[in-house]
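J.: Sequence:
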Amino acid sequence: MDNNEIEYMDNNEIEDDYSGMPERIRFRSLPYNKKENYERLKERISGTCNIIMSDKNIRIWKYVAVAASFALLLVSLMHLVDLSPREELVWFETTAVPDAKTKIVLPDSSVVWMNANACLRYPRSFDDEQRKVSITGEAFFEVRKDEKPFIVQMEDVYIKVLGTSFNVITDDQPDKTVIALLEGKIALFRNDNKTDIPDKLLKPNQQAVCDASSQDIAVSTIRPENVTSWVTGVFRFEGNTLEEIVGELQRAFHVKIHVENEMMRRKTFYAVFDDKETLDEILSILQISARYSIEKRRGEVYIY
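Read in our numbering, the sequence shown has 253 at position 216, and its numbers run on one by one without any break.
No lab work stands behind these hints: they were computed from the structure.
For clarity, every value in this text was computed on a predicted model and none was experimentally measured.
Beta carbons: idealized from backbone N, C-alpha and C, even for Gly.
No false leads were slipped in.
With a straight-line cut-off of 25 Å between C-alpha atoms, the simulated SDA-like cross-links for lysine to any residue are:
{"#": "1", "residue 1": "K293", "residue 2": "E332"}
{"#": "2", "residue 1": "K140", "residue 2": "L126"}
{"#": "3", "residue 1": "K197", "residue 2": "E179"}
{"#": "4", "residue 1": "K293", "residue 2": "V246"}
{"#": "5", "residue 1": "K140", "residue 2": "D208"}
{"#": "6", "residue 1": "K185", "residue 2": "R161"}
Cβ-Cβ distance ranges computed for the label pairs, FRET-style:
{"#": "7", "residue 1": "T305", "residue 2": "N242", "range": "17 to 25 Å"}
{"#": "8", "residue 1": "Q190", "residue 2": "T305", "range": "34 to 42 Å"}
{"#": "9", "residue 1": "K333", "residue 2": "P186", "range": "41 to 49 Å"}
{"#": "10", "residue 1": "D136", "residue 2": "I322", "range": "17 to 25 Å"}
{"#": "11", "residue 1": "T265", "residue 2": "I322", "range": "16 to 24 Å"}
{"#": "12", "residue 1": "E314", "residue 2": "K293", "range": "16 to 24 Å"}
Turn these sequences into a full structure, and let the hints guide you.
T.: See the structure below:
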């Protein structure tokens, strides 16, 4: 048959060709001496093998044994002691842009409204014992109720709450921090207070003014709507002096307002602005009854 050709046979031809092969195959038995093989196996089992080691090899094996024992002990200790690195707290620092307020949602879903230029520092996630943040400037807190205390750290004092809403101001007056409570309760501590007894406890509609120089904390009653006007845009003046009104308007509209007339500062007003009027609209409406004059210079407002 040519090498390039393939010959195909049908199945019947294959079966006829190999049908008698099993009858023609014969296997020859190999010689086997049972006694001789048994003696050879017995000799191999009962034989001894002598190992000769030098002093140097003995010392090396001692060191290896000690190292193996130490490694085994270390592995055992790893089951008892948590050697995994602890996750460090990652802190964020957010500063509100000038002439605007900024809303921040904390890891526990508490909400912080930051007034212009306020700076809030808070962790990416709170630890198992407390929820702690720090603030400079003005901010309004709506703290979600939780078993872990919520702590707001300021320069001279800190406050501790569980769930409440309050406003803090740290940069309105030199060396003074103003804390106003709307709902719930807050405990107020000076930073040098190392006890669990608060220096003051605030109730709703109360305000604490903390003086850093005298270490005095003065508590007074407030109108809650005057505290949140910079957040809500709603202003309610019920017998407020023009000096008090100007303070609210400055914080809400981020504009410096000067009242040059001393008698005008003590004049009281009754008015409600709940349609988010502009600063010019509010001052113009108040001007109708007060009859003052307004002048703007270099981005600041002067009232005569």
